[in-house]
Every structure is written in structure tokens, then in C-alpha cells.
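Please build the complex by placing chain L on the supplied structure of chain P, with the hints as guidance.
So the protein sequences, as listed, match chains P and L. Following the numbering used here, the numbering of the first sequence begins with 533 at its first residue and continues without gaps. Following the numbering used here, the numbering of the second sequence begins with 533 at its first residue and continues without gaps.
These are calculated hints, taken from the structure and not from any lab test. Any given hint could turn out to be false.
The list makes no distinction among identical chains, and a pair is therefore deemed to hold if it is satisfied within one copy or across any two copies.
List time: in silico DSS-like cross-link candidates among lysine-lysine, alpha-carbon distance up to 30 angstroms [said to hold, decoys possible]:
{"#": "1", "residue 1": "Lys856", "residue 2": "Lys842"}
{"#": "2", "residue 1": "Lys856", "residue 2": "Lys662"}
{"#": "3", "residue 1": "Lys662", "residue 2": "Lys804"}
{"#": "4", "residue 1": "Lys797", "residue 2": "Lys842"}
{"#": "5", "residue 1": "Lys721", "residue 2": "Lys797"}
{"#": "6", "residue 1": "Lys721", "residue 2": "Lys856"}
{"#": "7", "residue 1": "Lys804", "residue 2": "Lys848"}
{"#": "8", "residue 1": "Lys856", "residue 2": "Lys604"}
{"#": "9", "residue 1": "Lys721", "residue 2": "Lys804"}
{"#": "10", "residue 1": "Lys797", "residue 2": "Lys662"}
{"#": "11", "residue 1": "Lys662", "residue 2": "Lys848"}
{"#": "12", "residue 1": "Lys721", "residue 2": "Lys662"}
{"#": "13", "residue 1": "Lys604", "residue 2": "Lys662"}
{"#": "14", "residue 1": "Lys721", "residue 2": "Lys604"}
{"#": "15", "residue 1": "Lys804", "residue 2": "Lys856"}
2 protein chains.
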Amino acid sequence: MSTLTATAVAHPNIAFIKYWGNRDDALRIPSNGSISMNLESLATQTRVTFDSHLPEDIFDLNGTRQSGPALKRVVSHLNLIRGIRGTAIHAHILSENNFPTGSGIASSASAFAALTLAVTTALGLQVGEKDLTRIARRGSGSACRSIPAGFVEWNAGETDRDSFAFSIAAADFWDLTDCIAIVEAAQKKVSSTEGHSLAGTSPLQEARVQDAPRRLDMCRNAIQTRDFAALASILELDSTMMHAVMMTSTPPVFYWEPATLNIVKAVAAWRKSGIPAAASIDAGPNVHIICETRAAENVAQRLSSLPAVKEVLVSKAGGPTVLK
Amino acid sequence: MSTLTATAVAHPNIAFIKYWGNRDDALRIPSNGSISMNLESLATQTRVTFDSHLPEDIFDLNGTRQSGPALKRVVSHLNLIRGIRGTAIHAHILSENNFPTGSGIASSASAFAALTLAVTTALGLQVGEKDLTRIARRGSGSACRSIPAGFVEWNAGETDRDSFAFSIAAADFWDLTDCIAIVEAAQKKVSSTEGHSLAGTSPLQEARVQDAPRRLDMCRNAIQTRDFAALASILELDSTMMHAVMMTSTPPVFYWEPATLNIVKAVAAWRKSGIPAAASIDAGPNVHIICETRAAENVAQRLSSLPAVKEVLVSKAGGPTVLK
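Same shape as in the complex, but just chain P (with noise of 0.2 angstroms):
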């Protein structure tokens, strides 16, 4: 073989239940199950070339070739992968994000799924996507609920083997939209890698873990069911209890900022006025406004309106990670 090429394109994944904390740090086994939505409008297109002239690996991401961290990540997943097919050639990596850099949506959950599948497609692997899932994942987490379609749990599992992801309902099974209020475009200070390895040192997360059984059943059936009333309630509280752990954690974590709890009143309070909204915040300030689409445009410019509002990102529920 000289060169063996692949395309493939992957969203990021917004979590109604979060991932927060690893049984086992390295191989990225989470504390407790997860479930997501996959966001359409935003994606991450990354292109493999394999190449046995090449020296050493090469990471474009934007038009920007990466060095340090950001490429010794991506290597160590080529790294991972081929090993899987036992070779050693090289490769050159060419990632493109469709979402502003630095708005601090999380990007890593889209590259690594889209990395998996362009890199084992190049090396000719015959991967289910159940196993998909399982390679994403030792790249960035949340990735393996980028690999399958619209509404995906992440099934925690003890061992790599039984930590996987699966589709619950796909992306048209019911009519939601994300609407990202973007309050900082400045980088994180504490990187999810980093936060997950302090959620041990919360007084608060041996709590969180145990009760995520009961959270999942809820908002698996409030998506099952169509129940938006029931979601709002349950993705809110998981939201907030992840901040609660990130907080309490040693040192502590706010990713809140005041305009962070300034949009959540405001939402909490549209939804008592009756617009299906409800409030979710990653790891960091942005807060993921989750509504029937119905109210989407209604939701989009009221968030628009507020002072603290950069921005506002829009996407509906997407698709499985594919090749292009």
C-alpha cells in the first residue's frame, strides 16, 4: 500500500444525562451511563490519508497545522487504531469544523468520531458500530455518542468490552433544537480531561454516580415518551448536578459564569410561562438551551436579546457519524 484515504463526518453530541468522572481514567470508562442528542447544524469533517512516505504524522485542524497536546491527543488514537491493524504508517490529518473555534462548543466529542471512522475506513478495518463507539471513546468520551444516530445512550459497562454507545431514537423521532447561547469565546481553564480526574474529590460525586440509574430511566422514557415536561425537569437537575460535583470538587470548578446563571433564571422562568425550554450546561459557560422546535425561533431571538448573549448557534437532532 502507498496512500489510503477516507472522509468522514461527524456532530457534536449535546448530554441530557452528563459524563462526568472515570471509572478508569485511561481507557475512559465513565463513572455513570450518559445519554445525548447529536447536533446536525454543527459538524466536523476529517479527511485520513495514510501515506508510507510520510515521516511522522501530520494534524491540520482548520487550516492550522497542531503541534503539542492537540497532535499528541490525535496521534495516540492513530496510535490506538493501528495497533488494532498492525501497522505502523503514518498519516495526514486534515479537520475542518463548520462551528466557530473557540466558542467553546466542545469539539473533541466530533473529532474523535470522525477521526475513528475515517481512520479505521483508511486502514480497511471492518468495524460495527458498536466497536466504533468503543474505539471512540479512548479518544475524547463523549465521542462514542457521536458514532450512532440522534437520541444515543452511553451504556457505562465495568470493562473497554461493555462501555459502548447505542442510538435509542433516531434524530426524527422527536422534533428538538438545541439553541447554544454562546456568553465566552474565551478557552476553558480547566479542560474536561483535567475535570474528570478531579470529580473523585467531591464530597458530592459518589451521590451523583449512584443515583444516575434512576436519572437515565427518566430521561430515556421522557425521550421515549415524547415528554417534554419530564425532560426539561431531569435534564436541568443532571446538569446541575454535575456543576454541583465540579464545584465541590478539590480544587473547586465553576465553569458558571454570571451570565451562565443569568440565561438559566431567564430560561426557568420562559418555561413557567409556557415555552418548552430547558437549560443544560457543559463544561464550560455556554449554556445549551434544549426546546420543542415549535419554539425554537421564538427561544433563539429572547436569547438573543439578553445582554450577556454573544451569540446563539441553532441545530435540530443530527445524525450518525458517516463517511462522505
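Positioned in the frame of chain P, the structure of chain L alone reads:
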């Protein structure tokens, strides 16, 4: 007897380890022990006059005749103490706070501490400090901590008999100051009494309660060894843990405002730069910044310059509830 009178003065207190949730709501037996510091500069002065000609109890607070729930709560407390004394005589209560009414400073602790000492004294009851704290507790849980001097611990206990407060250090044992950043004068949306009854609905409350002995030990040790860094860590953690429970109750209770979070983050940054100050938040949006007194003027000035801060109240550690 025809008229019997007594006047008492009590201080509010700021809890370093918070009281949130009851084992018994009616008797106000708390789910966990707590530790606080009395606030010298803030005071409630209460004069009680029992008069056999009065057809009913009268309660004047800051010059305004009270009725409804405020009167009812005071009458209940009078009934408790009248029951101990075996009398049905009515009283005129005249109470004044020297701090802004509606500033968001909890006045129920100093109110029921002063009321308890004035009423028991006017009725000629010989009650020791420990039993005074038990009676005050029945009016408002945290009032028991305003009876003893300085730095006070409330032993949670399991029954009315063993749920009492005691001083662990005199006010002058450690030169600490509370700078209270007032961010909103509006009435609380959820009263403390109502909030306590919601604590058990949070999936995190049990973990918070189970971990309380550890936090109490750390706080008590920090006070006894005058270790500000240790006190800062544990009081900020404990405050955040209480708010984590509040925000994950059903329904959720968010006492934090955007301004609250702004101050908390500012204080954390100041401490990193070497200023001995730490933030604690009660059941409201205001922030108590506990600092070594040598830093108090600097802290108060910095707080005043934050746009969200309306007013800063400053107080050193205070003495016990006393007769006047």
C-alpha cells in the same frame, strides 16, 4: 403579677458550616451540625413586657405593628415559653434591628435569640445557656447559635434534649471580620423554613449530611489553630455544598444571582493574590466575605468597587446574647 419586663440584645451569626435540612421540622432538629461566628456590629434589641391587662400578644418590629405569619411565629414561641412557666399572660414585644430591614441579612437568628432571653427573664425562669439554646432553636434553628459567645457549634443531636449550641472560642480568640456584600434588597422568594423542608428532595443532601462530621472537624480545627487557609477552603466548600443541595431540590431553589457568582469569583482571585478572604452564602443572594481583620478594609473597598454590590456591612466576631 401585673407587669414583668426584660430587654435582651442578640447578634445574627454567619455559618461557616451550614444548617440545611431537618431531621425533625417541627422541633427543628437539624440533619447536620453547624458552626458559626456571631456578628458584633449587627444586633437585634428586644424588649418584652408581660401585662395581665393585655387581651392578646402585640409585636412591633422596627416601629411597625406586625400581623400574619410574623406575629404568629412570635406568638408560638411565646406559647412555648409560657408553657414552661405555666402562665397564659400576654406580652408586648418591641424589637429593633440596627441593620437595614430587607437587606437580606437573616434576622430570625438574632430575633429568636433575643426574644428567648428576654421572655424567659421577664417570666422569672432560671434557664442556663444550654437550655436557652434549645429553646431559641425551636423559634428559628440558627437562633441557637446566637446565644453563646463568639465562635459557636450547634450539636445536631437526635432529640430536643441533645440538640443545643455551645461556644468553641470567644469572639476575641481570632480576629476575623465579615464583610457582607449586599447585592439585592428584595425579599427572598423561598423562605429558609420552606427551603429546609425541600432539602430531602435533593439526591445530594444525604451525601452532604454524611460528610458533615468531616467538615465540622476541619472547621473546628481551623478555628482552634487559627488556620485561615484551612478555614477558607472548608467554609467555601461547605457553602457550595449547601447551594448544590438547594439547586438540585425539587423544585430547585437558586438563591445565587449573577452578582453573587461575580463576587465569589472575585474573592477566589483575591485570595490567590494573597488576601486572606473567603466567601460564604446563606439562603439569599448576598455574599459574606470572611477575612482576617487586617485585610478587612482592603476587602470592603474592593467589594464596594464591584458594580453589582449595593452596600457593604462590616462586622467583627461578636459576643453572646445578653440582657440590657
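- Task: Please work out whether the CA atoms of Lys797 and Lys842 approach to 30 angstroms or closer within one copy, between two copies, in both situations, or in neither?
- Result: both (17 angstroms within a copy, 21 angstroms between copies)
- Item | Alpha-carbon proximity between Lys721 and Lys662, which holds within one copy, between copies, both or neither at 30 angstroms | Classified as neither; 33 angstroms inside a copy, 48 angstroms across copies.
- Item | 30 angstroms Cα threshold - placement of Lys662 relative to Lys604 | within (25 angstroms within a copy, 64 angstroms between copies)
- Query: At most 30 angstroms between C-alpha atoms: does Lys856 with Lys842 qualify within a copy, between copies, both, or neither?
  - Reply: Close neither inside one copy (33 angstroms) nor across copies (58 angstroms); limit 30 angstroms.
- First find the shortest C-alpha distance between Lys856 and Lys662 inside one copy, then the shortest across copies, and answer within, between, both or neither for a cut-off of 30 angstroms. within (20 angstroms within a copy, 76 angstroms between copies)
- Given a CA cutoff of 30 angstroms, do Lys721 and Lys804 count as a within-copy pair, a between-copy pair, both, or neither? between (34 angstroms within a copy, 15 angstroms between copies)
- Query: Using 30 angstroms as the alpha-carbon threshold, which applies to Lys797 and Lys662: within, between, both, or neither?
  - Reply: Result: close neither inside a copy nor across copies, 39 angstroms intra and 43 angstroms inter.
- Task: Measure nothing new, just compare the shortest in-copy and cross-copy C-alpha distances for Lys721 and Lys856 to 30 angstroms and report within, between, both or neither.
- Result: neither (35 angstroms within a copy, 54 angstroms between copies)
- Query: Which holds for Lys721 with Lys797 at a C-alpha limit of 30 angstroms: within a copy, between copies, both or neither?
  - Reply: both (24 angstroms within a copy, 13 angstroms between copies)
- Item | Intra/inter-copy verdict for Lys662 and Lys804 if alpha-carbon distance must be at most 30 angstroms | For Lys662 and Lys804, neither the intra-copy (40 angstroms) nor the inter-copy (46 angstroms) Cα distance is at most 30 angstroms.
- Is it within, between, both, or neither for Lys804 and Lys848, if the alpha carbons may be no more than 30 angstroms apart? Close inside one copy (23 angstroms), not across copies (42 angstroms); limit 30 angstroms.
- For the identical chains here, do Lys721 and Lys604 meet the 30 angstroms Cα criterion within one copy, between copies, both, or neither? within (20 angstroms within a copy, 51 angstroms between copies)
The structure is inconsistent with the numbered hints 1, 3, 6, 10, 12 and 15, although it conforms to all the rest.
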